[in-house]
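Letter by letter, the chains look like this.
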Amino acid sequence: MADERNRLIHTFGALAELGEEVSNKQSFQDTMRTSLHLLLGSLAIMRGGVARYSPFGHELNMLAMRGFRDDFPIALSLCQEDERQFLANGLYPIEVSQAKVLPFFQVYDHSFEQSGLELFVPLVVHEEPVGAVFLGQKATGEPYTSYDREIICAMARHIGVAILQRNMMAELERRAEENRKLYENLRMTYNDTVKAFAAAIDRKDKYTEGHSVRVGKYSEIIAEELGWKEQEVEGAAVAGYLHDIGKITVERKIINAPYRINAKESSELNKHPGVGYEILMPISHPYSDVPLAAKYHHERLDGRGYPDGLFDREIPYIAKIVNLADSFDAMTTDRPYKRRRPANEVFADLQRNSGKQFAPEIVQAFFKGMYNELTGVSKEKRFRRLLGREYMETEGIIPMLTNAMNGIAPASNLTFLH
Amino acid sequence: MDGDVPMNAASEGASKQAVVYATDYLNKLSGEKIERECKTRLQEGCDELILNFSQTELVNSVGVSILLGIIDSAAVRGARVVFSDVKEDTVELFDMLGVTKHVSLRES
Numbered sequence: 001m002a003d004e005r006n007r008l009i010h011t012f013g014a015l016a017e018l019g020e021e022v023s024n025k026q027s028f029q030d031t032m033r034t035s036l037h038l039l040l041g042s043l044a045i046m047r048g049g050v051a052r053y054s055p056f057g058h059e060l061n062m063l064a065m066r067g068f069r070d071d072f073p074i075a076l077s078l079c080q081e082d083e084r085q086f087l088a089n090g091l092y093p094i095e096v097s098q099a100k101v102l103p104f105f106q107v108y109d110h111s112f113e114q115s116g117l118e119l120f121v122p123l124v125v126h127e128e129p130v131g132a133v134f135l136g137q138k139a140t141g142e143p144y145t146s147y148d149r150e151i152i153c154a155m156a157r158h159i160g161v162a163i164l165q166r167n168m169m170a171e172l173e174r175r176a177e178e179n180r181k182l183y184e185n186l187r188m189t190y191n192d193t194v195k196a197f198a199a200a201i202d203r204k205d206k207y208t209e210g211h212s213v214r215v216g217k218y219s220e221i222i223a224e225e226l227g228w229k230e231q232e233v234e235g236a237a238v239a240g241y242l243h244d245i246g247k248i249t250v251e252r253k254i255i256n257a258p259y260r261i262n263a264k265e266s267s268e269l270n271k272h273p274g275v276g277y278e279i280l281m282p283i284s285h286p287y288s289d290v291p292l293a294a295k296y297h298h299e300r301l302d303g304r305g306y307p308d309g310l311f312d313r314e315i316p317y318i319a320k321i322v323n324l325a326d327s328f329d330a331m332t333t334d335r336p337y338k339r340r341r342p343a344n345e346v347f348a349d350l351q352r353n354s355g356k357q358f359a360p361e362i363v364q365a366f367f368k369g370m371y372n373e374l375t376g377v378s379k380e381k382r383f384r385r386l387l388g389r390e391y392m393e394t395e396g397i398i399p400m401l402t403n404a405m406n407g408i409a410p411a412s413n414l415t416f417l418h
Numbered sequence: 419m420d421g422d423v424p425m426n427a428a429s430e431g432a433s434k435q436a437v438v439y440a441t442d443y444l445n446k447l448s449g450e451k452i453e454r455e456c457k458t459r460l461q462e463g464c465d466e467l468i469l470n471f472s473q474t475e476l477v478n479s480v481g482v483s484i485l486l487g488i489i490d491s492a493a494v495r496g497a498r499v500v501f502s503d504v505k506e507d508t509v510e511l512f513d514m515l516g517v518t519k520h521v522s523l524r525e526s
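If you read the protein sequences in the order shown, they are chains A and B. So the first sequence is residues 1 to 418, counted in the working numbering. So the second sequence is residues 419 to 526, counted in the working numbering.
Source of the hints: derived by calculation from the structure; they are not laboratory data. A portion of the hints provided could be inaccurate.
[Claimed, not checked] Covered by chain A, per the in silico footprint, the following chain B stretches (three or more residues, Cβ under 8 Å):
# : segment
1 : 459–471
2 : 495–503
[Unchecked claim] Counterexamples of contact, computed for chain B against chain A with all Cβ distances above 12 Å:
# : residue
3 : LYS434
4 : ASP442
5 : LYS451
6 : VAL477
7 : ASP490
8 : SER491
None of the values given here were measured: they were computed from a predicted structure. Cβ atoms here follow ideal geometry from the backbone N, Cα and C, with glycine treated the same way.
Please construct the entire structure, taking both the sequences and the accompanying hints into account.
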């Protein structure tokens, strides 16, 4: 009687531990090894193993084993008949010596005999084969009782569920990876399309060829210096690439006019932010602010910009970034009616207009990006590529830049007005 | 109770005989340490492996399985396994499960 009670306590202890084990988030291999130990230890079985069923290879792949000979196969093939029988059998242990009519037991008869296998338990969960448990003789040398078989069945169910969960997780991970790759492809396609659009916009104006691409690059640098996340930096670059998309509808002669355009032409040209917004708005962008950057990139903090004359905080942040990038590129490239301006003038302009046209922290971020490149803090040569080596090697450029940086007020005077 | 207790799986004696001490709770953590120690001793040519249970109060199913694995490894190498100073409750458990059929019990 006491023996029976002790046996119950021992096996139920093992069952409880197994339940805990399979719900733990440790490595699957470790879970399988411990689960096998718990099963073998609960009934003191000398040898055993756990295998996972592979529906692709129609085989059982050993996950954990103890006491088997070194030449025991690590992958055991199953034929359709075996699979059908195991599925019909469910979780009940099959006596290896009495199952030799099945091809599986005929093929592996020698291995099973050498390793002293007595029971084979197909792991079937939700009518799906997930694996198998192999068991040798008990330490007592006695045959398995019906009580033993019930215990084996209960524990095998736990192990089967753990394998099924793992399979489902692996499938989820595979699908997530597939989705990630699809998303990556879409993102690349989107970015390529954006660059193609940028090139198309720039083709309208022979003087500003490459303007959209440069504004994209400057916007990217500013966003990075502001500490934006990778996705947001990418969004800022796209906003820069597409900020002038509305110019597609503006007549070429206005864009390319080698003189200061008149009021009528200016009114026509000034429509491009709104047109750009209308073009971009119906498109589903991965970065939501792209159409806003196109619409408001000519707004100024002091409300003297267009199309809506917005003030400071009314202007979307991305538009403030693109505004600075756009203005900087306009100042540092040759135009039909104006040569590019030297570095000292450009820095002074940005400093002077900080808080009026440009957000001070954005000017600071932009200057910092250039300063880091000039002083070698950043190994990248992006400004050098965009502005040219000669421009970046202007005599005294670092002190000029430092002065401009020091002259910027920390915040806009207009910040609290609106 | 388990892994925090200092491991006493140090072995002593000549290369033919080795004594490995089990901790107070023989479970997965301490069992794997003992298993590693025993396998090392067997590989070194030990032909009598003495597992000392003088400090062992409790053995769970993983512990039993690991002990059976050690017994199996020893048998393959033709070595004898001796359980020494096993507490009465643990002897009852080993008897009930048939573990004692494969080892000798000894009092030190």
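Taking the hints in turn, this is what the structure says about them:
no.	hint	verdict
1	459–471	violated (count 0)
2	495–503	violated (count 0)
3	LYS434	holds (25 Å)
4	ASP442	holds (17 Å)
5	LYS451	holds (14 Å)
6	VAL477	violated (9 Å)
7	ASP490	violated (5 Å)
8	SER491	violated (8 Å)
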